[in-house]
Amino acid sequence: MAEGTTSNVFFVIKERIVTPSLDCGLLAGIMRAKVISLAKELGITVTEGMVLPSEFLRAEEAFLTNSLMGIMPLVSVDGRRVGKGVSGPVTDLLRRKLQFP
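Taken in order, the sequence shown gives residues 176 to 276; the numbers are from this note's numbering.
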């Protein structure tokens, strides 16, 4: 998974954020850049690279970003629950800091 039709995807795995790199041919979204910058300011490690399906299965949280909606929790994909199936603490923190309720 690299991105949605109009969004970028992020996974939280073991207290770090993992997202596909721009080398994967995805959209260099404005909100993507803001989230990466904010996460680093907050001391959260961000890893950009190839995201394999096995990493998705290990994710405690996931979220999508775009400029219109901001940060949207991703609680399931193809009927498979992500983490606990609800918005997680890293997602909620980033949403609050970027002022998206």
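The set of hints was computed from the structure by calculation and includes no laboratory data. Mixed in with the good hints, there may be bad ones.
With a cut-off of at most 25 Å between alpha-carbon atoms, the simulated DSS-like pairs for lysine-lysine come out as follows [said to hold, decoys possible]:
#1 209 x 189
#2 215 x 189
#3 189 x 259
#4 272 x 189
#5 272 x 209
Results of checking the hints against the structure:
{"no.": "1", "hint": "209 x 189", "in the structure": "holds (21 Å)"}
{"no.": "2", "hint": "215 x 189", "in the structure": "holds (16 Å)"}
{"no.": "3", "hint": "189 x 259", "in the structure": "holds (14 Å)"}
{"no.": "4", "hint": "272 x 189", "in the structure": "holds (21 Å)"}
{"no.": "5", "hint": "272 x 209", "in the structure": "holds (11 Å)"}
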